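Residue numbers (the working numbering), protein chains in the order written: chain G, 90 to 340; chain Z, 292 to 496.
The reader is advised that the hints may include incorrect statements.
[Unchecked claim] With beta-carbon atoms standing in for the labels, derived distance ranges:
id, chain 1, residue 1, chain 2, residue 2, range
1, Z, D325, G, E179, 23 to 29 Å
2, Z, N327, G, E179, 28 to 34 Å
3, G, D223, Z, E316, 54 to 60 Å
4, Z, E316, G, R126, 22 to 28 Å
5, G, D183, Z, A321, 49 to 55 Å
6, Z, E316, G, S207, 32 to 38 Å
7, G, A160, Z, E316, 14 to 20 Å
Hint data in this document are derived by calculation from the structure and do not stem from the laboratory. As the structure is a prediction and not an experimental result, all values here were calculated from the model. Even for Gly, the Cβ is constructed at its ideal location relative to N, Cα and C.
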Amino acid sequence: MLSKRLIACLDVRDGSVVKGVQFEDLANAGDPAALARRYNAEGIDELVILDVTATIENRRALAETLRAVSAELFIPLTVGGGIRSEADAEAALDAGADKVALNSAALADPALLTRLASRYGSQAVVVAIDAKRDGERYAVFARSGREAAAREAVEWAAEAAGRGAGEILLTSIDRDGTRAGFDCELTAAVSSAVPIPVIASGGAGTFEHFRDVFTAGQADAALAASVFHVSEHAVSELKAYLRASGIAVRL
Amino acid sequence: MIALVDYGAGNLTSVRKALTAVGAEFFTPAAPADLNGATGVIIPGVGHFGATRAITEDWRAAILASVKQRTPLLGICLGLQYLFEGSDEAPELSGLGILAGRCTLLPPRVKVPHVGWNSLSTRRRSLLLQGIRDATQVYFTHSYAAPITKAAVATTEHGVRFASAVEGDGVFGVQFHPEKSSDAGLRVLRSFVEISTSPHPQISK
Numbered sequence: 090m091l092s093k094r095l096i097a098c099l100d101v102r103d104g105s106v107v108k109g110v111q112f113e114d115l116a117n118a119g120d121p122a123a124l125a126r127r128y129n130a131e132g133i134d135e136l137v138i139l140d141v142t143a144t145i146e147n148r149r150a151l152a153e154t155l156r157a158v159s160a161e162l163f164i165p166l167t168v169g170g171g172i173r174s175e176a177d178a179e180a181a182l183d184a185g186a187d188k189v190a191l192n193s194a195a196l197a198d199p200a201l202l203t204r205l206a207s208r209y210g211s212q213a214v215v216v217a218i219d220a221k222r223d224g225e226r227y228a229v230f231a232r233s234g235r236e237a238a239a240r241e242a243v244e245w246a247a248e249a250a251g252r253g254a255g256e257i258l259l260t261s262i263d264r265d266g267t268r269a270g271f272d273c274e275l276t277a278a279v280s281s282a283v284p285i286p287v288i289a290s291g292g293a294g295t296f297e298h299f300r301d302v303f304t305a306g307q308a309d310a311a312l313a314a315s316v317f318h319v320s321e322h323a324v325s326e327l328k329a330y331l332r333a334s335g336i337a338v339r340l
Numbered sequence: 292m293i294a295l296v297d298y299g300a301g302n303l304t305s306v307r308k309a310l311t312a313v314g315a316e317f318f319t320p321a322a323p324a325d326l327n328g329a330t331g332v333i334i335p336g337v338g339h340f341g342a343t344r345a346i347t348e349d350w351r352a353a354i355l356a357s358v359k360q361r362t363p364l365l366g367i368c369l370g371l372q373y374l375f376e377g378s379d380e381a382p383e384l385s386g387l388g389i390l391a392g393r394c395t396l397l398p399p400r401v402k403v404p405h406v407g408w409n410s411l412s413t414r415r416r417s418l419l420l421q422g423i424r425d426a427t428q429v430y431f432t433h434s435y436a437a438p439i440t441k442a443a444v445a446t447t448e449h450g451v452r453f454a455s456a457v458e459g460d461g462v463f464g465v466q467f468h469p470e471k472s473s474d475a476g477l478r479v480l481r482s483f484v485e486i487s488t489s490p491h492p493q494i495s496k
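Construct all of the structure, not just a fragment, from the sequences and the given hints.
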């Protein structure tokens, strides 16, 4: 049986891990290679390295950080932030990433998803969607949550899947950094509308939040940053809790 | 030296890093004749079966010749599917046809592609899966899958049960990504390296 995945996100700026609280107020939380090693030892299923300032400051993903992290880790590694072109994706994959996550660039040029999927395979192409509740719908935002994209999240997710994205990394802007729980309604709405896996992000605070997003939220994977960064053994204890709750995980 | 065939189906950085980590000596052949003298051949690959179109007739002939000379061959992911007769994903193309059967799309009642960690059900003793316990979890990412035939040494279920590892007469294949499957994956790669460097590999008791 396919396991639900736990993914640790390392928000990286200038080679250091920072944590974001609703995309503002960045505070330093460690060295990416050291954190990656610890997560791997604890049994994390995947890693995402997000260059959090790349889109805003027009910087490219940090190839050196990728090389350092991928040299000794043999679990899937995704990079996001600042992937604007096929050349950016190539540089990230050559540096050791297995997947690239596209957000603003895919909104600006949806055909980029198709070009990357035909060159590297859909398994290497993740579309990152930042969504904010807007009445009964979910509005998509670009540029790290700063710019309304005039798209609806469920529709954009379906289009991205049709264009060749292999997975969706879905972040609730409302919940990001709040530790109030994932937006299970948003996650379920997207997950039930697309044939490809959905990674839920934004709002993780307790073990119960993960259980809820895997059940009510129909998520295939859950991503968190600070909840894993601050406590040792968080990953292994969370996995034991999920298994006891009847959720398939890799132990 | 193991020949890692690069036919442009995806990025091989991760495979190279994992082979380096298990101490393998390997090279990327520039021409089909370079397979002569290789101690083992690896056909990696991700993405669409149509990517195997880049394995032209001269390469196919060289790969089949090396198998005939009993050079161990390992197909990874798309490389495993290529060992079979073909795939519904690109019905106009032929696989190597070393193994009987065709690859088919996973059923729509589950999420496709099949992405993530899933367990191996081992079926019989295997050189490639030495030291890999039944129910070990490994990392998959694929939409098409190979049928379960007598070559299957492990199966996995996602909507349907399929062959996740195959083995027979010096030919090996894994549908999962050993280079992304942490310690278990490195163990599988190390076994292939040992198979490739040992003249008469034996299944350890």
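Verification of the supplied hints:
1. A hinted range of 23 to 29 Å holds for the C-beta pair Z/D325 and G/E179, which are about 25 Å apart.
2. For the pair Z/N327 and G/E179, the supplied restraint of 28 to 34 Å holds, since their beta-carbon distance comes to about 32 Å.
3. At roughly 57 Å, the beta carbons of G/D223 and Z/E316 sit within the given window of 54 to 60 Å.
4. The hint said 22 to 28 Å for the Cβ distance between Z/E316 and G/R126, and at roughly 27 Å that hint holds.
5. Remark: the range hint 49 to 55 Å for G/D183 to Z/A321 is contradicted by a beta-carbon distance near 19 Å.
6. A C-beta distance of roughly 33 Å is found between Z/E316 and G/S207, which places it inside the suggested range of 32 to 38 Å.
7. Checking the proposed 14 to 20 Å range against G/A160 and Z/E316 shows it holds: the Cβ atoms sit about 19 Å from each other.
Of the numbered hints given earlier, the model fails hint 5 alone.
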